[in-house]
Structures are given as structure tokens and as C-alpha cells.
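**Q** Could you put together the complete structure from these sequences and hints?
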Amino acid sequence: MAAQRAPRTNHEADQPSSPVLQFGPDKPLKLDAGTVLSPFQVAYQTYGALNDARSNAILVCHALTGDQHVASTNPVTGKPGWWEVLIGPGRIIDTSRFFVICANVIGGCLGSTGPASTDPATGRPYGLDLPIITIRDMVRAQLMLVDHFGIEKLFCVLGGSMGGMQVLQWAASYPERVFSALPIATGARHSSQNIAFHEVGRQAVMADPDWHGGKYLDFGRRPEKGLAVARMAAHITYLSEAALHRKFGRNLQDREALTFGFDADFQIESYLRHQGMTFVDRFDANSYLYLTRAMDYFDLAADHGGRLADAFAGTKTRFCLVSFTSDWLFPTEESRSIVHALNAAGASVSFVEIETDRGHDAFLLDEPELFAAINGFIASAARARGLSL
Amino acid sequence: MSVNRAQRVDLEVVTDLIPPHSRVLDVGSGDGVLLEVLQATKQVDGRGLELSQRGVNECVARGLSVVQGDADKDLEFYPDKGFDFVVLSQTLQATRNPKLVLDELLRIGNRAIVSFPNFGHWRVRFSLLIKGRMPVTKDLPYSWYDTPNIHFCTIRDFVNLCEELGATVEKATALDANGQKIGLSMPWWFWNFFGQQAVFLLKR
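First to last, the sequence lines map onto chains A and B.
Quick note on numbering: this note's numbering labels position 21 of the first sequence as 21, and the sequence is numbered without any gaps.
Quick note on numbering: this note's numbering labels position 164 of the second sequence as 1164, and the sequence is numbered without any gaps.
No lab work stands behind these hints: they were computed from the structure.
A couple of the hints might just be wrong.
[As the list claims (entries may be wrong)] Straight-line Cα separation of at most 20 angstroms, DMTMM-like style, residue types lysine to aspartate or glutamate; simulated pairs:
hint	chain 1	residue 1	chain 2	residue 2
1	A	Lys316	B	Asp1084
2	A	Lys316	B	Asp1045
3	B	Lys1073	B	Asp1103
4	B	Lys1073	A	Glu333
**A** Rendered as C-alpha cells:
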């Protein structure tokens, strides 16, 4: 099984189903790690049409295990795009009005250069030879894609979780290129607790003998057990105790009584095992290591002398932040501290906290209050930008 | 969006004080009615700070720049003179530390506009003096035990606080029970007795 699945991931990594922009030796990607990535490529999806003034472009930044297939069928899973509830013709982010771009992040595994991509220097997958990637590196690559489209200023950059980190980085690094920014369920830094959970996930991957020191693709193997455990642990952090209890309680899985063994007696166990198993079918284990590391390294205030407000000094970008009451991965306080910094910088900022028991994952779900906030923010920003509605 | 009479008169007086294209922070912006009027009639660059999350979410859904926050705690995050006007409409009496809040308003705004119900109004005095009861009126409909208004003051008290904080009263308006402006020629004691609402334009 593992040997059969491996080539499929490999295929999407090098020759994805998405359009790809290739950057040759003349256009290296400068990395925070102090080196460059060259050549490299960015896989992306676009929806809608860029207007003549090139003023209607929205960049969507995906989360840790997301991808560029934001509003169309995912070629690996066959499932709808991960934000199709929000983005599409006639949706809140209406692709008949806006030109929506979503790129696979550098370090990912669906076509942008990442550890599963073939290293042109060796003809083998990069594995751990890929330099460490940061959120800022991802954004630099996205900027090169935006430049390729000839877009001076993005109308909006939005995303949740790791996507929200990229939104904040965009606003801090290239304020003049971002008209409005919508970071959702995110933080300006990864907390100690979040780093701790990521470390558990990484250690699970590395403890799997099939990981082979990161060279599993060379062996035709994949550390599926380890990656599945990592996903199971992470998945718990995306939910909330209340939501878990509401959905699963202590219900038993297809049985009348406890079996006095270690099978998945409880529905929650079965659910997590399923989450783990389906995840390994679509995600590269080394990518998981790189992207969790990128989030861990993110600390926007530290890049600006410890003062977050300085990251946004003089910004003209319009901000709207959203958090969820039951999100314990990126609790409301994280968003609030960004709001305080933006206030201190004199920025235009809105901030909505949404009451829900669905935890961190709420940003991906059909949350009417989230959609109302996004709709109000996008509509007023569009008026301010002079985009006809 | 429901606007009671006191709020409506307040809106008009406050709106008249703000020139077009000003930068305005509305502290206690509620459901955003003042910001919406100011944006529509004065094209202001308006921001809001509102305690209730429900109010904030409504504002943002209507395209207003509003954040959830507490006037008692969150004003410290705003920079000095970041706004032309900071408005505190019918909220001062509900703050825990009105003196600190007023001080912050004067720091953040080039000018502060503060409106509040006058506890020196004759109806209030009458209720206490004759009935011996805390006043419950149309504009102050709460009983003493459930009122959010924990720091009532009279117009005179407020003028004293302004002096203490070094603020200059550039303009003051008192409104009688019918929402009519009380003549400028009238002395303070008259305002303090017949003014049901007061709106002050302050500078420091």
C-alpha cells in the first residue's frame, strides 16, 4: 500500500494538477534561513477574472494542511475545495466579481517546492535537505506570484490559522501591496503550548521506522503511522471539549458494550483514527515537519524589536480580525493583542469574536456570523477601493 | 436599530460638532448608529470601540470599523492625538473610572465630545427630595440595583472634573426634557436644573 501511494504524492509535488509558475536561477527565493531556494516553483489556482485596473484580486492563504484548491475539487481527495462555502460564484467572496488566487505554500506538498519535490541537484526528493522555510519565505514566494500577475495592490489578503499568519506577514512586509487584510483565528506568534503540540506531532513522525531519517521516498516508504498519530493529536486541538462531547460523548462505536481491549470502542477513537488515516493519503510527512516548524518560528513582534505595533507602523491597510470563543489553539487574546497593536499604530481595524463551540476549525465551517463579518468588511473595503458592487 | 429620543437628540448635537472628513473614534459605539450617520453625512474616517460583542458584530457586518473592547481598559492602546474627535456618547456614567476615561479621551483626541444624562435635573432632585426614591425616568429606566449607570454626575460636577483635568470647555449644550437646546445666555445653575442631557466639546 505504502509503495503504491508514495508515487501519487510525489506526482502532485513535482507535476501538480494546478498551474505552476517556475522561477529559474535568475529568480531565486531568498530564505530567512540565510540561503536561497533556486530553482523553485509555485503551484496555484485562480478563480474569476482580473479586471482591467487589476484592482479586484484577493489572495487566499491556506492553513497548515490546506492547499491551493480553495474553491474547486481537490485532485487528491476528490472533495470540494476547503473554502467553497465562502468562495465561488455568488458566494460571500464572489468569484464573478473578484479574482481569487490561492497558492500552495513553499514547503507544501501539492506542487510548490517542498521536501517531497525533486531536488534538481540530485534528481531525488529534497527530504530534509530542503532549508527550513518560514512564514515570511512563503509570503515572499507569493509576492513573486502576485508580481507575475502584474498586480500592484491586492484588494484583500485573507486566511485562517497559518493562513492568518501569512496575512499578518503580508501586511507587515508589504503594506503598500495590501489594501485590506483579514486574518482569522490566528496569532502574531506561535505560543509555547502550540509549539509543544507541534513537537509531539513531529516526534511521532520521526519515531516511525518508515520515516528513514526523512528519506522515506527513496525507500518507497512513507511514515504513515507516525503522521497519522501527529494528525490525531493535532486534530484534537482544532476542536473543543464541548464540541467533542456534543458530537461523540462517550458513545460506543458499532458495539453494545465495552470490549475490554484496545480496539476503538469509543466513537471518538474511531473518528480520530479515520482522521489520521485519511490525512496520510493526502499529505507528505516531511511537509508536515517543515510547515509546523514555520508556524513555530513565527513571531512578528520579535522581528520588530519586540513591539508588535512597530510591525504595522504607518499602515494604511484596513484590517478585520476574527476569533472564536472556543478556539484554544489561537484564543481570542491572541487576536486582541494584534488589535491593540493595530490601534497603537493608528490602523483601521475591526475585530469580531464569534460565539461557537466548534473550536479552531470553526473558520472552515459554515458559520453565519463569520460570513456576515467577512461580507460587511469586504463590502465596505470594496466601496473604499472604488470597486463596483 | 432602535434609537430612543435622548439618543436621537444626542446624535444631532454630536453630528453638528464634527466637521466633514474628520478622524473620529466613537467610544461605546453600540450598534454603530452614530458612526453610520457620521460616515453618511460627514464622510468621516470613523472607528468604534464597543463593549458588547453583539454590537461589534452588527457594526462589522454593516461595514463599520469597530473593535470589541472596554473603555475602562482598552483606551490605553490608542496613540496620543490619533483622532480629531473622540466621542463618548451616553457612556461616561457607565464607566468604572470616569476620570481616567475622560483623561484618556483628551489624550487620544484633539477634541473630545462627551454627552451624559444630567443627574442634577429637577426631576431627579424631585424624586430624591420628595419621594425619597432613586429616580426612574423614561431616559433613565433602570432601578438602582440593575442599572449599568454606576457613576452619575451633574453638569456642575462634570465642569469641575474638566477643570481638574485641565480641559477647556469649547462648547456646551444642555437639552431640556423635550430635547430643546437651553439658551446659551442662561447661567450654569439654570442648565444644571433644567438640562436633562448635556453635550460638551472639550480640548486640552
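**Q** Hint by hint, say whether it matches the structure.
**A** Verification of the hints:
no.: 1; hint: Lys316(A) / Asp1084(B); in the structure: holds (17 angstroms)
no.: 2; hint: Lys316(A) / Asp1045(B); in the structure: holds (12 angstroms)
no.: 3; hint: Lys1073(B) / Asp1103(B); in the structure: holds (13 angstroms)
no.: 4; hint: Lys1073(B) / Glu333(A); in the structure: holds (14 angstroms)
In summary, this structure violates none of the numbered hints.
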